[in-house]
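*Asks:* Sequence:
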Amino acid sequence: MYINITTERGVYVSVRRYDEDGVFTNGDYSDSTRGILVDATRVEVVFRAPESEEEPYNTPNITAMLMSKTCQCPEPEYVLSSEVFYIRLTSPGFPDLYCPGKKCNTLIKVPKIKGEEKKKTDLIFVETNCSLSELDLLQLKSSDSGKVLFRSQYKQEDSSRPMRAMVFEAQDMVVDYAPSNSIQTRFFEMNVTRMNVLEECVCSVYDSKVFDTSGKLTIPISSRCHLMHCHWKFSNNRYDTLISVSFKLENPYKTDLIYMYSDHMMEEYGYGELSHVRQVTSPSAISMTFSRMKWFATPNATLKISWEQIERCLCPEESFQLTEGTSLVITSPHWPQQYCSMLLCRHTFFAPKG
Numbered sequence: 001m002y003i004n005i006t007t008e009r010g011v012y013v014s015v016r017r018y019d020e021d022g023v024f025t026n027g028d029y030s031d032s033t034r035g036i037l038v039d040a041t042r043v044e045v046v047f048r049a050p051e052s053e054e055e056p057y058n059t060p061n062i063t064a065m066l067m068s069k070t071c072q073c074p075e076p077e078y079v080l081s082s083e084v085f086y087i088r089l090t091s092p093g094f095p096d097l098y099c100p101g102k103k104c105n106t107l108i109k110v111p112k113i114k115g116e117e118k119k120k121t122d123l124i125f126v127e128t129n130c131s132l133s134e135l136d137l138l139q140l141k142s143s144d145s146g147k148v149l150f151r152s153q154y155k156q157e158d159s160s161r162p163m164r165a166m167v168f169e170a171q172d173m174v175v176d177y178a179p180s181n182s183i184q185t186r187f188f189e190m191n192v193t194r195m196n197v198l199e200e201c202v203c204s205v206y207d208s209k210v211f212d213t214s215g216k217l218t219i220p221i222s223s224r225c226h227l228m229h230c231h232w233k234f235s236n237n238r239y240d241t242l243i244s245v246s247f248k249l250e251n252p253y254k255t256d257l258i259y260m261y262s263d264h265m266m267e268e269y270g271y272g273e274l275s276h277v278r279q280v281t282s283p284s285a286i287s288m289t290f291s292r293m294k295w296f297a298t299p300n301a302t303l304k305i306s307w308e309q310i311e312r313c314l315c316p317e318e319s320f321q322l323t324e325g326t327s328l329v330i331t332s333p334h335w336p337q338q339y340c341s342m343l344l345c346r347h348t349f350f351a352p353k354g
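So in full-length UniProt numbering, spot 98 of the sequence shown is number 98, and the numbers just go up one at a time.
Calculated directly from the structure, the hints in this document are not laboratory data.
You may find that some hints are simply not true.
25 angstroms max Cα-Cα, derived BS3-like pairs, lysine-lysine [said to hold, decoys possible]:
1. K254 with K294
2. K216 with K233
3. K147 with K109
4. K141 with K103
5. K147 with K102
Make a model of the complete structure from these sequences and hints.
*Replies:* This is the structure we're talking about:
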């Protein structure tokens with residue numbers, strides 16, 4: 001049985017477990033919000049009000065779910081070959097059992113491919129749907145070098161935010177999953193696919209190219225590229241500047257997507273938005289992912305990217321004395337050349353008496 005308890009400080013909830021003979025085995029007593037997995041033979045849940053009865057308090061919200069599933073980890077080892085090129089990993093008890101504190105480790109072996117397919121580039125495509133808190137860990141790392149390819153812990157400010165798709169060079173990988181004990185709702189579903197891609201359809205894999213200062217990129221996209229996935233990172237190593245990234249996709253296809261991430265924002269741009277110049281500005285590094293998955297022939301396309309470090313925007317408080325019969329126009333800082341993020345501007349208006 002999974003018991004979810006939502007309570008507040010001073011309102012204690014006790015969970016007591018008994019065996020088949022009614023003998024007390026163990027218990028849990030706390031005023032913290034939590035999730036508990038227990039043997040469903042016999043369970044008692046009791047809450048105690050605060051000692052001061054004069055103060056109002058909220059009754060705890062307690063939900064119990066009887067589960068037929070168990071907190072079982074995925075298989076400890078998988079092999080991605082030319083015959084078995086796709087696997088699906090899920091968190092223990094997925095999708096309705098959260099299993100606090102249940103740690104899992106999975107090795108994904110990727111042996112080299114021989115023959116004609118060797119002429120193409122061997123890549124690993126990873127898509128993950130997840131709900132994780134900053135205390136939970138979901139990590140991908142290289143089995144050979146131990147290098148961390150991706151780590152979710154302390155990376156997500158929004159616990160319901162899904163991770164974007166990622167592409168890595170073909171290699172043996174380890175998936176580590178370690179949910180915390182204090183956060184209840186979490187899960188992950190990871191789809192891992194091995195793909196042989198035409199050389200002309202290969203660009204930068206996840207975190208392989210990091211740019212700073214300023215520059216431009218022109219990425220040709222061939223009509224033969226049914227799948228193309230690129231990742232770039234634009235860093236900002238100065239506290240007094242922002243990093244600004246502009247991009248435009250000529251001849252976009254209806255399934256094309258661009259994801260823009262930083263520590264302060266997450267934005268997604270689809271088909272209808274990509275044919276116009278877009279600009280994203282952030283005080284921290286910006287990660288950019290271009291994703292194309294299509295099944296029909298389309299014309300060639302071109303992705304143009306430019307980036308630069310710019311001075312931080314300032315938004316001084318302003319006061320305006322209004323007069324009858326006159327109009328006033330106010331614009332955002334640096335408008336229209338630059339979009340300034342992470343600002344709170346305040347304007348004060350004084351109307352004439354009467």
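*Asks:* Hint by hint, say whether it matches the structure.
*Replies:* Here is what the structure says about each hint:
| no. | hint | verdict |
| --- | --- | --- |
| 1 | K254 with K294 | 9 angstroms, holds |
| 2 | K216 with K233 | 13 angstroms, holds |
| 3 | K147 with K109 | 16 angstroms, holds |
| 4 | K141 with K103 | 16 angstroms, holds |
| 5 | K147 with K102 | 23 angstroms, holds |
Consistency with the previously given hints is maintained throughout, with no hint failing.
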